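Q: Now for the letters of each chain:
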Amino acid sequence: MRPSRIVIPETAKAGEVIEIKALIQHPMVTGHTAAGANTEPRDIIHTLAVTYDGAEIFRADFFPGVAANPYVAFTTRATVSGDVVFTWTDDKGEETRQTRTLRVS
Amino acid sequence: MRAHLAIAVGLIGTAVLDGTSHAEQSRPTIHSATEYLSVGMHAEQDDESRNRGMLWVDLGETLWNEPAGQSGKSCASCHGASEHLNGIAARYPRIDPATAQLLNLEGRINQCRINHQKAPALAYETNELLGLTAMIARHSRGMPVNVEIGGLAQSYFESGRQLWTTRQGQMNLACVQCHVDNVGRKLRGDTISSGVGTGYPAYRLEWQGIGSLHRRLRACQIGVRAVPFEQGAPEYLALELYLAWRATGTTLDAPALRR
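Protein chains in written order, with this note's numbering: chain S, 1 to 105; chain P, 1001 to 1259.
In short, the hints are calculated from the structure, not lab data.
Just some of the chain P residues that point at chain S, by a computed CB distance under 7 Å:
id : residue
1  : S1049
2  : R1050
3  : R1052
4  : L1055
5  : Q1208
Over 10 Å on every C-beta distance to chain P, these chain S residues come out as not near it, computed from the model:
id : residue
6  : T11
7  : G31
8  : T33
9  : L48
10 : Y52
11 : D53
12 : R59
13 : A60
14 : F62
15 : T79
16 : D91
17 : E94
18 : V104
19 : S105
Simulated DEER-style distance windows between Cβ atoms:
id : chain 1 : residue 1 : chain 2 : residue 2 : range
20 : S       : T75       : P       : D1190     : 31 to 37 Å
21 : P       : A1098     : S       : E19       : 48 to 54 Å
22 : S       : T75       : P       : E1035     : 31 to 37 Å
23 : S       : T47       : P       : P1028     : 47 to 53 Å
24 : S       : F63       : P       : Q1162     : 47 to 53 Å
25 : S       : A73       : P       : D1181     : 39 to 45 Å
All figures in this text were calculated on a predicted structure; none of them were measured in a lab.
Idealized CB from N, CA, C, for every residue including glycine.
Looking at chain P on its own, in the form it has when it is part of the complex:
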């Protein structure tokens, strides 16, 4: 009997890891990490006078209106007041029509800086880039994620799904083994969520500061003792698109509070 059970569990495991299985084709029910916050942390996330991510949002708002680079233009010179950014973050990552490349918010900001502001790109995890992304993401708070996965995005989507379902690292674990099979269960002191990035950039207590989704992905990879990619790597961009598709309909709550 015990042997039969073990075989059955093994078969289920294989089915989930197979990228073409039914469970992965249709979107599963998503549990954002916000659902698993303590009452106190949830209240802190929702109260903008206490949410420490708002310090970076303020910086982003300042930078939005400040001229940068040789062009002497600010973001606002072309895009107008930041209020016009409502809903933008919910549609990223997306294909840039001009270059046919997949861009996330960070990539879009840097593309604008290089091409239009004639300013150097901002590095991941600098306060400036975190501030701008946090500010833009905040303007989509409460809005459902809705990304395009057809057309030129298709190949990115497929590689994202492949990374999501591939075992990696010394632990030999794929993303799905925690973030599909064990959602709602404990991993050390925290509850495993569906692994969607709807709260990022997020203020993470472990970091004592705000960080990008790619930094969080690195933390997961380091956790399974894999060699992490660099922030902004094409692998992470593809995974970011796949995560966003999984999160379709889930509301954004950046800058969120995470443990």
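Just chain S, with the same shape it has in the complex:
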């Protein structure tokens, strides 16, 4: 589990469009090295997947050009009360999972 910061409203009205922001601490080692430099194998977060009430609503693939500590923001439409689950996965298979509960009235 890596440190992360998630901003999501706790409550929303049905049909409302909400903004979600997610930031995670990760060095995003590209694996690209200059001639003669130490080679460190690529280790980046390659995927962020977000589910809402069990269904995937957002997925991002990251590539070595993405800076360290990647940040994403996206919007979704609030429909029912449920858990929003964020899962980041890196090249070493390490998963960081965070859950937030959205209450919809």
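Could you slot chain P onto chain S? The hints should help.
A: Below, chain P alone, put in the same frame as chain S:
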């Protein structure tokens, strides 16, 4: 005519480098690097849900409440909740009354760890020390720098000013030649600021992470091809005090975003 101009420029240069000149006795107008951020980076710095330095602030908040060392005490055991730290960072570096030594925030944290928590000191640039300093500095966001330079601080202040005005390195440049004479002009892709440390610890894009003011000072020294001091060196502590005095009234914005 051209020769006269060259002489005039030379004289101005000498005057600025002389530590006793009028310009250095009274504080000049300060332009923090925050003023020169792009609109996008400025917005990112001000928005705590996007400012990546906040990842370290979170760590600092956790460590503040975690027992450390043989004492089994956390920072909060003595100092209470971290909200009580409002304005503290704006008064550092300052003289520690017990030892008569100048301490910056990092030094103060480590003194507490050694004396009160009975824990080993944290090294510069560890996530732990960066986290604690970033968290403490953040509690002074928007507050004006106000450091004490009289009394026991006087000699540190003078050596700081001396370092600030002394040419060094293969480039033979003093701090003032960029950070006084050329503020607002371009140095490669970035705009030269007054060189105050009001944003540190700062998240620097070049570093892809957060770093201390002393790390930034090392980068400047390496830039002029001088032999840099170690983080925490007395020379840097003295310079940190001098920079803070120059920044008097400028607001802190750590953890800031820098290029």
